[in-house]
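S.K.: Residue-level listing of the chains:
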Amino acid sequence: MNTQITLTGIIVFIERNVYLRFLLVAIVAFIIVSIGSLIELYIERKFWARIMSRYGPTEVGKFGTLQLIADAVKFLVKEDFSPAAADKTIYNLVPVFSVTVSFASLLAIPFDYTVASLFPSSLHPLTFVASNFDPSLLVAFGFFALEPLIVLFGGWAAGGKYTLIGGFRSAAQLISYEIPLVLSFLSVVVLTQSLNLFQIIQTQAHSWPFAVLAFPAFITFTVALLAELERTPFDLTEADTELVSGWNTEYGGTKFLLVYLSEYIRAFAGSAILVSLFLGGWLGPAPIPPLIWLFLKTIIVFTVLVWIRAAYPRVRIDQMLALGWRILIPVSAVWLVLTPFVAHVAMMHGALA
Amino acid sequence: MAFVENIAILMFLFLGGALGFAAEFIPRLFTKPRPTPEKLAPFESGEDPVGTARIRFRIQYYIYAVAFVAFDIVVALAIPWAVGWGYVYWTPIILLLAVMLAVVGYYSAKGDLEWI
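Just so you know, the sequences run in chain order A and B. The first sequence begins at 1 in the working numbering and counts up one residue at a time. The second sequence begins at 1001 in the working numbering and counts up one residue at a time.
None of these hints come from the bench; they were simulated from the model. Every value quoted in this text rests on a predicted model; they were computed, and no experiment measured them. Check each hint, because a few of them may be wrong.
Claimed, not checked - 30 Å max Cα-Cα, derived DSS-like pairs, lysine-lysine:
#: 1; chain 1: A; residue 1: Lys78; chain 2: B; residue 2: Lys1039
#: 2; chain 1: A; residue 1: Lys74; chain 2: A; residue 2: Lys62
#: 3; chain 1: A; residue 1: Lys62; chain 2: A; residue 2: Lys46
#: 4; chain 1: A; residue 1: Lys74; chain 2: A; residue 2: Lys46
#: 5; chain 1: A; residue 1: Lys78; chain 2: A; residue 2: Lys88
#: 6; chain 1: B; residue 1: Lys1032; chain 2: A; residue 2: Lys74
#: 7; chain 1: A; residue 1: Lys74; chain 2: B; residue 2: Lys1039
#: 8; chain 1: A; residue 1: Lys78; chain 2: A; residue 2: Lys46
#: 9; chain 1: A; residue 1: Lys78; chain 2: B; residue 2: Lys1032
#: 10; chain 1: A; residue 1: Lys78; chain 2: A; residue 2: Lys62
#: 11; chain 1: A; residue 1: Lys88; chain 2: B; residue 2: Lys1039
#: 12; chain 1: A; residue 1: Lys88; chain 2: B; residue 2: Lys1110
#: 13; chain 1: A; residue 1: Lys88; chain 2: A; residue 2: Lys74
As the list claims (entries may be wrong) - So these bits of chain B aren't anywhere near chain A, every CB distance computed over 10 Å:
#: 14; residue: Asp1048
#: 15; residue: Tyr1089
#: 16; residue: Pro1092
#: 17; residue: Ile1093
#: 18; residue: Lys1110
#: 19; residue: Gly1111
To be verified - Here's a subset of chain A near chain B, in silico, CB distances under 8 Å, partners left out:
#: 20; residue: Leu23
#: 21; residue: Thr100
#: 22; residue: Val337
For each residue, glycine too, the CB sits at the ideal point set by N, CA and C.
Starting from the given sequences, assemble the full structure and let the hints guide the process.
M.R.: This is the structure in structure tokens:
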């Protein structure tokens, strides 16, 4: 019996066991999203500060790069407490649920394929891909749309008035922007006739980017995504000038760290879904690895979100609801019905495979 | 969707949950809570808190919620059409979307979408 342990041996062992295989995929996704979140946080602080003629973090580490580590350590060693008025069980579990659900929405994004394609093809890269299954887009949005519900739970359970108002606003936001979000990504589904994010990206290899072919859907999707991510101009759930810190006012220490982390994981997942649906995912003109393309595009989309955050004021709740119901829903519904004709014309002119 | 994809979903939920749980509950072993009544009171801008936070909420949320439930079903019915629009009749989905838009228009005109 050969007991020599080699790297290939370990990989073959992991490949044979389906649980280990997908656990490895999940760990890889976690590493990618951790790096992504750190970069996002740094961009958020530095780029936002530069737009506002500030410096942002400068003291800790070179160019303030270690400030994030310092903050994380501060949160980890803080005292743990639950407010007396809180519903303790829900209050303490909401951060865990929030991170879990945000992380699960990364499942459908083909980061695992781009990582697998870095390795030699003799290892069957496709066996290590979890994202290539049929309704992957629906699964991702299922988890993506759960977060506002968790925000409502958290706001209610914390037992403060500010948190409760933040939670209600989150529910209203979910209600108003869920429908335009789904209707806009359905336009892309009409163009590709597939709910598989993997196939949607592969179709874009032989066609124009869907940001051009489905331009109105691209705009409505971006606006609805901003609202679903609860970022400015739609960050009514944590409007810091009115609600202190919104629904997470009563969270401190590691609980706040988790809540904050899940917000950035969601921003990363949302940007990656936008990139995969409309901007060609891992495809790109220059011959650099697909992983770098997908990662780079995601970070660029996030940077645009930060730019929007710095440039626009927060909308009022009535303006937000009116935008969702009176503009986004009609525009995205009408465009959805028109998309098959666009697909037909595009196919005739070779703009769509 | 085959059985293996369910395992993938399970593994993602497991890893996320395990890491979240560890990050929240392990640091508690090393920190000592020192609660005071002021620390455990809800934050109300430095004032003493007034009453409880279990308040009644606006009826508008309910109106929006009812509309959302109805429209979300319409949108869910649009998903199979979007996948197979070349093979199915278009009439039902166009009717459903038209009814949805008519209802939004009626809501708007009636003033129920106003946030008073």
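S.K.: Evaluate each hint against the coordinates.
M.R.: Status of each hint after checking the structure:
no.: 1; hint: Lys78/A x Lys1039/B; in the structure: 14 Å, holds
no.: 2; hint: Lys74/A x Lys62/A; in the structure: 19 Å, holds
no.: 3; hint: Lys62/A x Lys46/A; in the structure: 13 Å, holds
no.: 4; hint: Lys74/A x Lys46/A; in the structure: 20 Å, holds
no.: 5; hint: Lys78/A x Lys88/A; in the structure: 18 Å, holds
no.: 6; hint: Lys1032/B x Lys74/A; in the structure: 15 Å, holds
no.: 7; hint: Lys74/A x Lys1039/B; in the structure: 18 Å, holds
no.: 8; hint: Lys78/A x Lys46/A; in the structure: 26 Å, holds
no.: 9; hint: Lys78/A x Lys1032/B; in the structure: 9 Å, holds
no.: 10; hint: Lys78/A x Lys62/A; in the structure: 26 Å, holds
no.: 11; hint: Lys88/A x Lys1039/B; in the structure: 15 Å, holds
no.: 12; hint: Lys88/A x Lys1110/B; in the structure: 42 Å, violated
no.: 13; hint: Lys88/A x Lys74/A; in the structure: 23 Å, holds
no.: 14; hint: Asp1048; in the structure: 13 Å, holds
no.: 15; hint: Tyr1089; in the structure: 13 Å, holds
no.: 16; hint: Pro1092; in the structure: 12 Å, holds
no.: 17; hint: Ile1093; in the structure: 8 Å, violated
no.: 18; hint: Lys1110; in the structure: 13 Å, holds
no.: 19; hint: Gly1111; in the structure: 12 Å, holds
no.: 20; hint: Leu23; in the structure: 5 Å, holds
no.: 21; hint: Thr100; in the structure: 4 Å, holds
no.: 22; hint: Val337; in the structure: 6 Å, holds
In summary, the numbered hints that this structure violates are 12, 17.
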